[in-house]
Amino acid sequence: MHIQLIAKREVKVGFRNPWSYSFLALFSLFSLGLLIIQSQSYMTGYTYTTGTMLNLILYLLPLMTMLLSSFSLTAEKEEGNWQLLSTYAMTTSSFLVGKYVGQALVLIAIVSFGYGISGVAGLLLGKSFTFSTLLFLLVFSICLILLFLGIAMVIGALCRNRWQALTMGVSIWFFSILAWPTLLISLLSFVPYTWIKPLLQIVTFFNPAEFVRIYSVTRLGGGAIFGPEYYKWMYWMDSALGDVCFVALCLLWIGATLWIAIRAWERR
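Numbering (the numbering used here), first residue to last: 6 to 273.
In case anyone wonders, no lab produced these hints; they're calculated from the structure. Take the hints with a grain of salt, since some may be wrong.
Pair ranges (Cβ atoms, derived) [to be verified]: (1) Y93 to A30: 30 to 38 Å; (2) I113 to W185: 21 to 29 Å; (3) V249 to Y64: 24 to 32 Å; (4) S191 to L61: 23 to 31 Å.
Cβ coordinates follow ideal geometry from the N, Cα and C atoms, glycine included.
When you get a sec, could you build the whole thing from the sequences and use the hints?
This is how it looks when you write it as C-alpha cells:
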C-alpha cells in the first residue's frame with residue numbers, strides 16, 4: 006500500500022519537475038538523430054549503424070537516469086520531506102521501492118515518448134524504423150534505465166545533497182561507460198595471461214552497461230566482435246537459456262542495489 010502511494014507521488018512530482026521535460030526534449034532530439042542514422046542504412050542485424058545507435062543510447066540514458074533519480078532522493082533530505090514521511094508507519098524499504106517504481110515509470114514514459122516521436126516522424130518522411138527495431142531499442146533502453154536506476158538509489162542514499170549526487174553520478178557514469186575499456190586493459194596487463202579470460206568475464210557482471218551491451222549485440226548477431234574471450238558466451242546468450250540468465254542477472258542486480266540503498270539510507 007505504501008509502495009503504491011509513494012510511486013504515485015513520485016510520478017506526479019516527476020512530471021512536474023522541469024528537469025524531466027529538459028531530458029524529454031533532449032531524448033526526443035536524440036531519437037530524431039537516431040532516425041537519420043537509421044535512414045542511411047540498408048542492412049539488417051548488427052551493422053556499423055546499429056552499433057552507433059546502441060552506443061549513443063548507452064552514453065545518454067545511464068547519465069540521465071542517475072542524475073534525475075539521485076537528485077530526487079537527495080531532495081527528500083534537503084527539503085525535509087523524509088523527516089515528515091518518517092513519522093508515519095512506513096518502512097524505509099517501502100519508501101525506496103516506491104521511489105524506484107515511480108521514477109522508473111517517469112523515465113520509461115520519457116523514453117517511450119522519444120521513440121514515438123521518431124516513429125511518427127519516420128512515417129511522415131517515409132524512412133521510419135521497422136517495428137522490430139523500435140521494439141528492440143525500447144527494450145534495450147528500459148533495461149539500462151532499470152539497472153542504472155538501482156545505482157541511482159544507492160547514490161541518493163549515500164549523498165547528502167545534490168552536488169554530491171552530481172559528482173558521484175558523473176564519476177560512476179564516466180568509469181562505467183567511457184573509461185571501462187581503458188581500465189580493463191590497464192588492470193588486466195598486470196595479471197598472468199591465463200587469468201585474463203576468466204577475470205574479464207567475471208568483471209563484466211559488475212558493469213550493467215557492459216553486460217547489457219554484450220547481450221544486445223549478441224542477439225543482433227554481432228557477437229563475434231567481442232573476440233575469443235567471449236566465444237562460449239555467444240552460444241548460450243543466443244538461446245532461451247541466455248534470455249533466462251539475462252533476466253535473472255538483471256533482477257539480481259536490481260535487488261542487490263536496492264538492498265544496499267535501503268541499508269545505506271537506514272544507517273544515514
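Of all the hints given earlier, name the ones this structure violates by number, lowest first. none
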